[in-house]
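So the sequences go chain by chain: Y, G and D.
Residue numbers 0 to 281, in numbering that gives the first Met the number 0, belong to the letters of the first sequence in order.
Residue numbers 0 to 384, in numbering that gives the first Met the number 0, belong to the letters of the second sequence in order.
Residue numbers 0 to 323, in numbering that gives the first Met the number 0, belong to the letters of the third sequence in order.
What the hints contain is simulated information worked out from the structure, not anything from laboratory work.
Please read all numbers here as calculations on a predicted model, not as lab measurements.
Note that CB positions come from ideal geometry on N, CA and C, so glycine has one too.
The reader is advised that the hints may include incorrect statements.
Said to hold, decoys possible - Restricting the straight-line Cα-Cα distance to at most 30 Å, the calculated cross-link-like pairs of lysine-lysine (DSSO-like) are:
{"#": "1", "chain 1": "G", "residue 1": "K148", "chain 2": "Y", "residue 2": "K179"}
{"#": "2", "chain 1": "G", "residue 1": "K119", "chain 2": "Y", "residue 2": "K229"}
{"#": "3", "chain 1": "G", "residue 1": "K148", "chain 2": "D", "residue 2": "K215"}
{"#": "4", "chain 1": "D", "residue 1": "K317", "chain 2": "D", "residue 2": "K110"}
{"#": "5", "chain 1": "G", "residue 1": "K189", "chain 2": "Y", "residue 2": "K179"}
{"#": "6", "chain 1": "D", "residue 1": "K132", "chain 2": "D", "residue 2": "K317"}
{"#": "7", "chain 1": "D", "residue 1": "K233", "chain 2": "D", "residue 2": "K215"}
{"#": "8", "chain 1": "G", "residue 1": "K189", "chain 2": "G", "residue 2": "K129"}
{"#": "9", "chain 1": "Y", "residue 1": "K179", "chain 2": "G", "residue 2": "K129"}
{"#": "10", "chain 1": "Y", "residue 1": "K179", "chain 2": "G", "residue 2": "K171"}
To be verified - Partial list, computed: chain Y residues near chain D (C-beta under 8 Å):
{"#": "11", "residue": "I6"}
{"#": "12", "residue": "V8"}
{"#": "13", "residue": "Y89"}
{"#": "14", "residue": "F92"}
{"#": "15", "residue": "P109"}
{"#": "16", "residue": "I115"}
{"#": "17", "residue": "F182"}
{"#": "18", "residue": "T183"}
{"#": "19", "residue": "L186"}
{"#": "20", "residue": "P187"}
{"#": "21", "residue": "L232"}
{"#": "22", "residue": "V234"}
{"#": "23", "residue": "V251"}
If you want the building blocks of each chain, they are given just below.
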Amino acid sequence: MGQRRSIFVLTCLVFGFAFLYGPILSLIVYSFNESKLVSVWAGFSTKWYGELIQNEQILSAAFLSLRIAFITACIAVTLGTMAGMALARYGRFRGRTLFTGLITGPLVMPDVIIGISLLLLFVTSAEWLGIPGSRGMPTIIIAHATFCLAYVAVIVQSRLSSVDVSIEEAALDLGARPWKVFFTITLPIIAPALVAGWLLSFTLSLDDLVIASFVSGPGSSTLPMVVFSKVRLGVSPMINALATIIVAIVTVAVVIAGVLMHRAENRRQADIQQALARAGYQ
Amino acid sequence: MPEASATAGTLEPWRDPQARPYVRIEGVTKRFGEFTAVDDVSLDIFRSELFALLGASGCGKTTLLRMLAGFERPTSGRILIDDQDVTAMPPYERPVNMMFQSYALFPHMSVEQNVAFGLKQDSVPKAELKARVGEALELVQLGPWARRKPHQLSGGQRQRVALARALVKRPKLLLLDEPLAALDKKLREKTQFELMNIQDEVGVTFVVVTHDQEEAMTLSTRMAVMDRGRVMQVGTPSEVYEFPSTRFTADFIGSINVFEGRVRSIDGDLVVVESPQFGGELEVASQARVAQGQTVWVAVRPEKISIAPRGEGGAKEGRRRNAADGVVQDIAYLGDTSVFRVDIGNGTLIEVTQTNLFRSIERPIDWDARVTLSWTANVGLILSE
Amino acid sequence: MSVAARKEQARSDGRVSALGKATWRALRRLPLKGRSAVVAAPYIWLGLFFLVPFIIVLKISLSQMIVARPPFTPLLTWTEGWWPQVQAYLDNYVWLLQDPLYWIAYLNSVKIALISTLGCLLIGYPMAYGIAKAPATARTLLLLMVILPFWTSFLLRVYAWIGILKQNGLINNVLMWLGIIPEPLAMLHNDFSVYVGIIYSYLPFMILPLYANLEKMDVSLLEAAADLGCKPWKAFLSVTLPLSLPGIVAGSMLVFIPAVGEFVIPELLGGPDTLMIGRVLWNEFFNNRDWPVASAVTIVLILVLVIPIVIFQRQQAKTQDVLE
């Protein structure tokens, strides 16, 4: 059935993935290029990596970005979990429509708009209330946490809506107070979603250029801002080296996570089969 | 109706006007916006009863159960358990535990931890906790599975974990929401009896919600039949089956033949009804309060009708009461019984059930056979609504 | 500190404490117990950092640029009398209408976003279909491969295309070495490279909702169609395609909306004449420092995007309803 169609689909898959991964591969290959001209191969070299780890500006920007991403992810997971809980479990509370709008908004609004509006907020509030005194890490964190919490809320909501409400009701029924139900039952069950949300927030924050450019102040350039200023001037093998390192970290992390998940899944399947076999035996 | 016997006080407390109900539901109504899920329900449930709430989906039985558990607050009315008003009490303070339809086992905890959860909330000392968990697992025969996680168990085992978890706190009232719905037929029958034995052993008052009339009849001491938020009838399974009070209950429990008619005469206990639908007269021994000329319905259970081949060329006598001639239109062979649908003319079909007393492949009565149906005056029922 | 400055300070302190008291009273009146607190915390955060900013943008878009800090006139002034005077200027909007630069930028952004969305759909649909129909074991891996690029830097992935598309870049070198073209093609710094960049960056956003939709689809529907005498391609057109419409809409909106406001891709890959509204905004803001006009551009951009956003949200709500 559908021999021709499956060949067509297969071709699309092969070309599609080549399209997705080709550029990343080219970044990696040219990071080991001796020549400064990225496109001309002049022999294997790791000198750009050496140059990268000696570049004070990139290193301090990377450190700043990591700190921002870490704090952002923690705030976003806390607030996003609350928002996801409210959306998935509280039914029709007052102001729900506006709330869903506020959650969807940051997901779909272009970065430029979020950046500008937050900058104008900070400027106005500095004018009126005197805070923030100056823009920098705190303002970037607030901006990032705002759109990341929306992502976390959506992840938590979808995870919670696949969890049977009776499980939480059962805990209430057995005498656990609502907050205890949340910490002993709900939280452990949705933990994978929280981890996913935290990692996503961390990555989104680490990756953001546009919003950070608007809300940061002098002396607080994040890694994407530094990279952007360099890239604007043309290609630089050092940036390729940086990209290669990021790709390597992400790949290792994803492979580890994939293997762990695969193992857990296999064990689960085996357990289920065993249980079914035993039940049939009785 | 059966007479109240001398032992009624202990075995059938609902017949004893002196007995104090253990659970009182007083005029409870629950509305969700415009929709009335439970409409002015009052029920008394006695200690150690196994009470069933029976009805089709959407009849309000689950909402009523959830109000007993404390997940929903009644719009009006009161709920008392053991003389304590629990209407506004949150679920975690009620002396009530529930076994959920989905079992709702905590997926990240072992069987043991699931069962211990409720006791931990009450800060039961460790030694006692261990003993009680062991006891509960013993009761449901799950000792060897104590360390397993829920996903490593079969459906029947999960059901028993849920039961143990709900029982271990020794609640005053145990609520079971469709306890057997997720099991297959064989296991369900086996588990029904297990459930009854366990209830007998622990003596806890059970309230079971079910849509399965067979389940309700097997399990319960008494049951309430619900429809559109209202209780239609409360009684023991045999009362509800043999003496349904309305056409709804009569039709809901088992199958029944109903003929509309008008009361023609009342002679002591004997009510004679003229029914154009039946095409003749019906007589019923009944104490129902009806007046001459009133529209009533006469109901007869299929198994109470006898069916016989009509004598070939027999003289056609005048139409007797409670008897009709007809032609077999359909036969459903169910192994233990056979169900006949007999056309008695003017579009009326009568259902008759017969026990297959003899082993035979040949049918004594076949399709298109001409038959005579009849029943005695004291198997019929008069229903006025 | 001068007397005037001290007065100013005191006045603003008074304003702060009055505001503080009012907020405190408002907060006290809220039923901040358990459930309500759970909703309130993210609600307040999003209100403060997502909703209020838009109101401020709207406000500033109605003021005039001045050379000061902040570089715009106040909307409300308490010059005389009890009532604040509203000084609203529609100048900025009139300016937008008159200057063709903005019109062209808006239209061009929508055009580029539309074409890119179509491109994503054409590439993404067969891929999503292929992944959904792949054996279960391969499916997880393929899906992971779609998501993986998303975890690496967006900026760097866009940057990679410079090296590929430029005059003496990878593609030109390969094609010339093979003798297919005599001289390098101009592929970078024009609309073409912007299309490539947007399609490349947003492809996963198209594939994922499409996959989620196609994967759920009941195979027996296609079998029923075949059973009723429908040829495979016709079954695809009359069963699969219409049923995957929600996925198509969701994916298209996820690509189209951010693509309209895209800044990085036109900035790095586009030419000097690639006018996109995100870029215009950025320049208005950082180079011209004309915040009132930038705010007006933002407001109009939001209005342009309101329709697709509403479509997107409706679609999501519908799918949610179906799921529930």
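Taking the hints in turn, this is what the structure says about them:
Taken as a hint, the K148 (chain G) and K179 (chain Y) pair is honoured in the structure, with Cα atoms around 21 Å apart against an allowance of 30 Å. With a C-alpha separation of about 60 Å, the suggested pairing of K119 (chain G) with K229 (chain Y) is violated against the 30 Å cut-off. For a cut-off of 30 Å, the pair hint linking K148 (chain G) to K215 (chain D) stands: about 29 Å separates their Cα positions. For the suggested pair K317 (chain D) and K110 (chain D), the alpha carbons sit about 28 Å apart, so the restraint of at most 30 Å is met.
Between K189 (chain G) and K179 (chain Y) the alpha-carbon distance is near 37 Å, which puts this suggested pair outside the 30 Å criterion. Pair hint K132 (chain D) plus K317 (chain D) holds up; C-alpha atoms about 25 Å apart against a cutoff of 30 Å. With a C-alpha separation of about 20 Å, the suggested pairing of K233 (chain D) with K215 (chain D) holds against the 30 Å cut-off. Under the criterion of a C-alpha separation no larger than 30 Å, the hint pairing K189 (chain G) with K129 (chain G) is consistent with the structure, at around 29 Å.
Distance restraint check for K179 (chain Y) and K129 (chain G): the Cα-Cα separation of roughly 22 Å lies within the 30 Å cut-off, and the hinted pair is therefore satisfied. Of the supplied pair hints, the one linking K179 (chain Y) and K171 (chain G) holds, its CA atoms being roughly 23 Å apart against a limit of 30 Å. Checking I6 (chain Y) against chain D by beta carbon gives a least distance of about 11 Å; that is not within 8 Å, so the hint is violated. With a cut of 8 Å, the hint placing V8 (chain Y) at the interface with chain D holds, because the nearest CB-to-CB distance is about 4 Å.
Interface hint at Y89 (chain Y): satisfied, since its Cβ lies 7 Å from the closest Cβ of chain D, which is below the 8 Å cut-off. About 6 Å separates the beta-carbon of F92 (chain Y) from the nearest beta-carbon of chain D, less than 8 Å, and the hint is met. Because the smallest distance between the Cβ of P109 (chain Y) and any Cβ of chain D comes to about 2 Å, under 8 Å, the interface hint for this residue holds. About 5 Å separates the beta-carbon of I115 (chain Y) from the nearest beta-carbon of chain D, less than 8 Å, and the hint is met.
Given hint, F182 (chain Y) at the interface with chain D, is violated; its Cβ is 13 Å from that chain's nearest Cβ, farther than 8 Å. With a least beta-carbon distance of about 16 Å to chain D, the hint placing T183 (chain Y) at the interface is violated under the 8 Å criterion. Restraint check, L186 (chain Y) versus chain D: the minimum CB separation of about 13 Å is more than 8 Å; hint violated. Nearest Cβ of chain D to the Cβ of P187 (chain Y): about 18 Å, over the 8 Å cut. The hint is violated.
Violation of the interface hint for L232 (chain Y) is found here, the shortest Cβ-Cβ separation to chain D being roughly 11 Å, above the 8 Å cut-off. Among the interface hints, the one on V234 (chain Y) holds; its C-beta lies about 5 Å from the nearest C-beta in chain D, closer than the 8 Å criterion. Interface hint status for V251 (chain Y): violated, as the beta-carbon distance to the closest one in chain D is roughly 11 Å, over 8 Å.
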